[in-house]
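There are 2 protein chains.
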Amino acid sequence: MSAYPKSAKPALIIGSVAIDRVATPVAQSDNILGGAASYASIASSYFAPTQLVGAVGGDFPKPFWKKLQKHDIDLSGLEVDQEGKTFYWSGKYHENFAGRDTLEVRLNVFEKFSPVLTPKHLQTSFVMLGAIMPSLQNSVVDQFVAAKKKPFVLADTFDLWIHTARAELERLLRRLDLFVINEDESLLLTGERNLVLAGQHLRKMGPKSVVIKKGGHGSLLFHRDGYFSISAYPVTKFIDPTGAGDSYAGALIGYLASVNRTDFAALKKAVAYATAVSSLTVESFSVNRLSGAGRAAIDARLKTLTEITRF
Amino acid sequence: MSAYPKSAKPALIIGSVAIDRVATPVAQSDNILGGAASYASIASSYFAPTQLVGAVGGDFPKPFWKKLQKHDIDLSGLEVDQEGKTFYWSGKYHENFAGRDTLEVRLNVFEKFSPVLTPKHLQTSFVMLGAIMPSLQNSVVDQFVAAKKKPFVLADTFDLWIHTARAELERLLRRLDLFVINEDESLLLTGERNLVLAGQHLRKMGPKSVVIKKGGHGSLLFHRDGYFSISAYPVTKFIDPTGAGDSYAGALIGYLASVNRTDFAALKKAVAYATAVSSLTVESFSVNRLSGAGRAAIDARLKTLTEITRF
Numbered sequence: 001m002s003a004y005p006k007s008a009k010p011a012l013i014i015g016s017v018a019i020d021r022v023a024t025p026v027a028q029s030d031n032i033l034g035g036a037a038s039y040a041s042i043a044s045s046y047f048a049p050t051q052l053v054g055a056v057g058g059d060f061p062k063p064f065w066k067k068l069q070k071h072d073i074d075l076s077g078l079e080v081d082q083e084g085k086t087f088y089w090s091g092k093y094h095e096n097f098a099g100r101d102t103l104e105v106r107l108n109v110f111e112k113f114s115p116v117l118t119p120k121h122l123q124t125s126f127v128m129l130g131a132i133m134p135s136l137q138n139s140v141v142d143q144f145v146a147a148k149k150k151p152f153v154l155a156d157t158f159d160l161w162i163h164t165a166r167a168e169l170e171r172l173l174r175r176l177d178l179f180v181i182n183e184d185e186s187l188l189l190t191g192e193r194n195l196v197l198a199g200q201h202l203r204k205m206g207p208k209s210v211v212i213k214k215g216g217h218g219s220l221l222f223h224r225d226g227y228f229s230i231s232a233y234p235v236t237k238f239i240d241p242t243g244a245g246d247s248y249a250g251a252l253i254g255y256l257a258s259v260n261r262t263d264f265a266a267l268k269k270a271v272a273y274a275t276a277v278s279s280l281t282v283e284s285f286s287v288n289r290l291s292g293a294g295r296a297a298i299d300a301r302l303k304t305l306t307e308i309t310r311f
Numbered sequence: 001m002s003a004y005p006k007s008a009k010p011a012l013i014i015g016s017v018a019i020d021r022v023a024t025p026v027a028q029s030d031n032i033l034g035g036a037a038s039y040a041s042i043a044s045s046y047f048a049p050t051q052l053v054g055a056v057g058g059d060f061p062k063p064f065w066k067k068l069q070k071h072d073i074d075l076s077g078l079e080v081d082q083e084g085k086t087f088y089w090s091g092k093y094h095e096n097f098a099g100r101d102t103l104e105v106r107l108n109v110f111e112k113f114s115p116v117l118t119p120k121h122l123q124t125s126f127v128m129l130g131a132i133m134p135s136l137q138n139s140v141v142d143q144f145v146a147a148k149k150k151p152f153v154l155a156d157t158f159d160l161w162i163h164t165a166r167a168e169l170e171r172l173l174r175r176l177d178l179f180v181i182n183e184d185e186s187l188l189l190t191g192e193r194n195l196v197l198a199g200q201h202l203r204k205m206g207p208k209s210v211v212i213k214k215g216g217h218g219s220l221l222f223h224r225d226g227y228f229s230i231s232a233y234p235v236t237k238f239i240d241p242t243g244a245g246d247s248y249a250g251a252l253i254g255y256l257a258s259v260n261r262t263d264f265a266a267l268k269k270a271v272a273y274a275t276a277v278s279s280l281t282v283e284s285f286s287v288n289r290l291s292g293a294g295r296a297a298i299d300a301r302l303k304t305l306t307e308i309t310r311f
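Line by line, the protein sequences are chains A and B. Counting from 1, one number per residue, gives the positions in the first sequence under the numbering used here. Counting from 1, one number per residue, gives the positions in the second sequence under the numbering used here.
Hints were generated in silico from the structure; no laboratory data involved. There could be a bad hint or two in this list.
No copy labels: a pair is met if it fits in one copy or bridges any two.
[What the hints assert, rightly or not] Derived SDA-like pairs: lysine to any residue, alpha-carbon spacing no greater than 20 Å straight-line:
no.	residue 1	residue 2
1	Lys-237	Val-196
2	Lys-237	Gly-191
3	Lys-303	Met-133
4	Lys-208	Ile-308
5	Lys-237	Leu-187
6	Lys-9	Glu-170
7	Lys-303	Ala-265
8	Lys-237	Glu-192
9	Lys-269	Phe-311
Can you build the whole structure from these sequences, using the hints too?
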């Protein structure tokens, strides 16, 4: 698991760790490992040593610990509130996976979660901020600023924060190296009707680079040095999209940390790896396929992506 | 205009020639040249000598004749019914171009249109059947069969025929070399929920190869020798999608005719050229941008497509 290249720096993932219940139009699964940081840190762990900062309750199941530990993820930043309960999310996808409804959210220990970085965390040069409250995302950046550190910072968000915490989100955008957002949210946040314009608009809001994720249609990268568009991996065994975006972002930060580079060429390769990794995630509930696939399966998908897009 | 490569064979385009009125969420344009065969034959003419088979009325405006003639399109198969009127279509696109409503259709001379191929048409080896009634599309194939000819046949369709002429359409599918269909229609016709499965399913229905067009998300090619996925050209000046699919198909058949090849590599390149050409079409009403762009603009877009998809 841990034969990382010599160039590899550690990656730090900050976000939710959850217990999920997911229903799709064809199946459902209960009491499964979820949360952005779970998906992202497993994805990152395929490329670089990975540290997780999050919070769980005393009820967090042993097999979930073991699943994360299996990937050599440094869990010293995963706070355990023995008296509390783990963040619980239940959702149901619409027909054809066109959107989803959240059926139940119990924030539990996540309600008072406020990431506090240790000196070890503050040494990391590649940081992913999962889609937690923008004020908390900013508080992480503040801690790096206070420590006079300037890591490469990637952040994700979701529509709730665009509606309810826009000012904090805009403040965050001005501090980011890479902002990762999905198609609909990119249009919502910018007011544009066209994804190319939305990506250009988002870069003007602050982030050095922007990735717009289009699910089954691939993704777009907007960078100072150019534009890059990648097709999706042709998934035919589509089970559950939960965590696809989180594992995408985790693979992105993990790959960048593994090569210790953030230039356009490295970002394009990172986006390609992220595409390969997230295509595995959707082939099962929870992190099962992602965790079980192994690096060779990821590399095989990267090769396929290269082949099916060349002309 | 007519410096075609030595390998180039003539392409034959059969379909509608129309006078359109188009309204988009931001603008509208009236009495403009429309019809699948108009868009397709201009697109094809950038690559190979192109013959058009269609019908117009005595009202078909001189400037429209001139526009087609400017591209050296052989219009000897464009029947003129001096007593009749040209096919008229008026449509209005929804907000964000998510679908459109047909406001008015007057078939006029197109109501009794039944393509009759001349010996010269029957010599062509590359044929595109626009989305006319499947029985008429089959009647074209019948004429080639009667003449003991086996051209490469590409056909397009649209949802009306899936609903109203399914048996004839299924008969056509079994006779096609290449079937070009858009995303929603591919799901409608196959009952699949996934485009990769839809493409595979369509090939089982008969066509040797299948292209699924995803508009602003690019397109997918399903071929015996493999799968190919191409991103869209990043259009930012989006004016009117009318004719995008027709010019896509026209560029496809024109490119194949120009190289006189139909193998997987040639089809991938044809799909890439089709992507470049259709990205021009949407930048104006009618064929204006398509007709005015010139081959150099198409080649420049092909180069851009290569660059923005490599990693």
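Checklist entry - For Lys-237 vs Glu-192, is the C-alpha pair at or below 20 Å within one copy, between two copies, both, or neither? => result So Lys-237 and Glu-192 pass the 20 Å test across copies only (12 Å; inside, 33 Å).
Item to check | Status of Val-196 relative to Lys-237 across identical chains (alpha carbons, at most 20 Å) | outcome: between (30 Å within a copy, 10 Å between copies)
Item to check | Copy assignment of Lys-303 with Met-133, given that the CA separation must stay at most 20 Å | outcome: neither (37 Å within a copy, 42 Å between copies)
Item to check | 20 Å Cα threshold - placement of Glu-170 relative to Lys-9 | outcome: For Lys-9 and Glu-170, the Cα distance exceeds 20 Å both inside one copy (29 Å) and across copies (57 Å).
Next on the checklist: For Lys-237 and Leu-187, with the copy left unspecified, which applies at a CA distance of at most 20 Å: within, between, both, or neither?
Outcome noted: between (29 Å within a copy, 16 Å between copies)
Checklist entry - Which holds for Lys-208 with Ile-308 at a C-alpha limit of 20 Å: within a copy, between copies, both or neither? => result Between copies only: 18 Å across, 29 Å inside.
Item to check | Same-copy or cross-copy closeness of Lys-303 to Ala-265 [CA-CA at most 20 Å] | outcome: both (17 Å within a copy, 18 Å between copies)
Checklist entry - Using 20 Å as the alpha-carbon threshold, which applies to Lys-237 and Gly-191: within, between, both, or neither? => result between (34 Å within a copy, 16 Å between copies)
Next on the checklist: Regarding Lys-269 and Phe-311, is the shortest C-alpha distance of 20 Å or less found within a copy, between copies, in both, or in neither?
Outcome noted: Both: 18 Å inside a copy, 6 Å across copies.
In this structure, the hints that do not hold are numbers 3, 6, in rising order.
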